[in-house]
Amino acid sequence: MIGVKAGPRRGSTIARAGLGWLGLAILATVWQLLGMELHTAVFPTFITSLVAAWHVVTSSTLTTDIIPSLERTAAGFLISAIIGITAGMVIGHYETVRDWTSAVVDFMRSLPTPLLVPIAIVVFGINGRMVVVTIISAAVWPILINTANGTSTIEPTMIDTAKTYGLRGRKLFLKVVLPAASPQIFAGLRVALSVSLAVMVVAEMLGGGSGIGYFIANAQQSFNIDGSYGGVIVLGCLGWIFDTLFLMFERRLLAWQRGTVGGLLDV
Amino acid sequence: MSDSVLSIRNLQVSIQSRDGSMNEITRDVSLELKEHEFVSIVGPSGSGKTTLLRAASGLRPPSGGEVIFDQKPINDVPKGLAIVFQEYNKSLFPWLTIGKNVAMGAAEYSNQERAERVEKALIQVGLSGFATRYPWELSGGMQQRAALARAMVSNPRLLMMDEPFASVDALTRNHLEDVVQRLWDSSTFAALMVTHDVGEAVYLSDRVLVLSARPSTVLAEIKIDLARPRSQIETRRTGRFGELVAEVLERVEEAGRASVGIEDTIQK
Amino acid sequence: MSQVQLAVGLSGEVNEITQRRSKPQRRRVARQIGGVVVAIAIWEALSSTGAVNKEALPTPGATLAAISANVGSLSSALASTLEAWALGMLAAGVGGIVLGTLVGRSKTADAATETIVRMMRPLPSLALIPIAILIAGLGIKMTSGLVSFAAFWPVFINTRVGVRQVDNKVLETAKVLGLRGFKLLYRVVMPASSPMIASGLQVAISLALVVTVSVELVGGTGGLGQFILLAQQGNEPSTMFAGIIVGGILGWALSIGFARLVDRLIPWRTQRTEGGR
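Taken in order, these protein sequences are the chains called A, B and C. Last residue of the first sequence: 565 in this note's numbering, with the numbers rising by one and none dropped. Last residue of the second sequence: 1253 in this note's numbering, with the numbers rising by one and none dropped. Last residue of the third sequence: 311 in this note's numbering, with the numbers rising by one and none dropped.
I should point out that these hints are in silico values taken from the structure, not numbers from a laboratory. Be careful, since some hints might not be right.
Output of the computed footprint for chain C on chain A, the stretches with three or more beta carbons under 8 angstroms from beta carbons of chain C [what the hints assert, rightly or not]:
(1) 394-401
(2) 405-411
(3) 416-422
(4) 499-506
(5) 520-534
None of these values were measured; they are calculated from a predicted model. For every residue, glycine included, the Cβ atom is placed at its ideal position computed from N, Cα and C.
Hey, can you work out the whole structure from these sequences and the hints?
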């Protein structure tokens, strides 16, 4: 078939993955040896931290801290996605709206969001709602900006074609603008996902009352240093799982895109 | 004028440029397109051929004059009019399979009839069996054939083509020209094609209109009295073909020279 | 794709002649200013009518007054935030570009770092704040260290991808022209991957600022973060807002400044044919 890009050979893919895990293993070994060599309370070994992480997910911390954190992140991320995609398509499609909002959007997205946590605590108190609001205030911008970019750079020919076949108004947005902008929207969503996790942690450290961020900070303050490391490992794994699930979802939805760009970047 | 499919009367198009001033692209273009007639519009680059086609199809409102399709003035892309754009890679939706892309042209039919029409259209352009492929899996020429199938699937009364073969190599272009000719021969639609390739215009058309440089008017109309059906080798071998090409080319050259003069004065 | 396109209003049309775009440009700026005015008016309306608790949302006027009343402490807080940010950013920028180039040029190193990157990228480095405090104590060394750790990843990842993606035809042409080794890297690979590196740096700049103020908030290590925290503890909402606005202006200035710099240094980055007919 003409134009089909041959994927990498299966053998080399496996070799690549193997090398990747080898790299990770080397890093873990260095950590382990360093921890044993230094032998200090503030830098536990890799295995000690791993055991602590296991304790975190098998103890009551799971229901008191981890699950609330996951719920807050999910809520904040989903609300950001709905607001960001809708507003982004409107801003991207209408140049006038873009002009009116761009300065304010630029300012808001450059604002280092953690600065809003103290004020959010004053308004909402120390609870999960405050965390969700803080997540939204940070995660909505990458989605909005990427959606607007994707929408405003759609090929005019594509819009012409859609009009030729009678697509107008909401149908035009749903059937053409949304899929055409979807690669960019997904890039924004992926950034927003890691932003959500990061902001969740810092908001919980400052005043979540519970959650994994609260747990990590609290463990450090109560000299449960292993627990603090364990919390970080759990969080890292959660981030990795989220990211992997997200990529799988994206691959499925954007399967059509495989041949149109020079191979999806896996990083 | 009951046998007129499309009638463009004193069409004028101006586009607002970035600095707010109006830029006259098309000054005064009129043309009548009869049932099952094949007309091409050629002109020097920058003569606003694409703009003309967009206004004639209802994709953009004209600044003056009117366009009558099937006895009704148009203000939007009417039913029964299909368009094939130059950039097949931008007009085929990359997230839809070839079959679904083609089916877009037949949205008003029932599911079963749509499937039959899609199948038939794909056979007509020689793409049967490719319905489940994505556009990127096909070569440029095949993608443009898919775009043609999408245009044909609704049995249009009028097919407009904007430089339909400009993005493919010369041999593929010959092949695509014959695909279009075969479709036109075996059907009843009228065709209006915009192109910068004089040989292609002469080979396919009943009439060729030469556009002047911007702001454009119709500079000349040349009747193509070549026998049909035409063939790439036999038709192009005839002396008459060469004469007609030369005649059109001469007019285009005149228009081009005039445009260079105009651009010079604009720059000064 | 790790590349984020930032700045809606900045990209594109650089290849247009200034004279031709002057009028719409002026109209665009007028609209942007109008947008800011509308936003401030909404803010004023929300706070002065009491629609939002006055304790939480002071009026723009009160915020402005708080900024001028705290010029001294605000500017020293700003200086301290900027210092920690700049140190961390410098280390992250240099480290990320150098390591990213080395890894991107070697297939083995590239594969070996793949999983580490996949693990580290989504790890919120903000979670490391308590651990960083444990190891390095409270101080600029800790702040900058954590900032550079966080900002390293986007620079490293984008450099790696950018270097890996340099067109083979470009490389072959360069080899035909006799460019080898360091010269090839410096004259061809770096310029070709610079747009990608620039977007990595752009992400890193914002991220570094977020980490800086987060450390300041959590650790109370001075700077804008601690300024706002103290205002919160003193129950002075207008002072808190003064800090937030100054932080926003700082973030905005840093990213606009970098975008301008990129436009100047890599003019071909924003080249894009706008859909004009």
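Hints and how they fare:
no., hint, in the structure
1, 394-401, "holds (count 7)"
2, 405-411, "holds (count 7)"
3, 416-422, "holds (count 5)"
4, 499-506, "holds (count 4)"
5, 520-534, "holds (count 7)"
Of the numbered hints given earlier, the model fails none.
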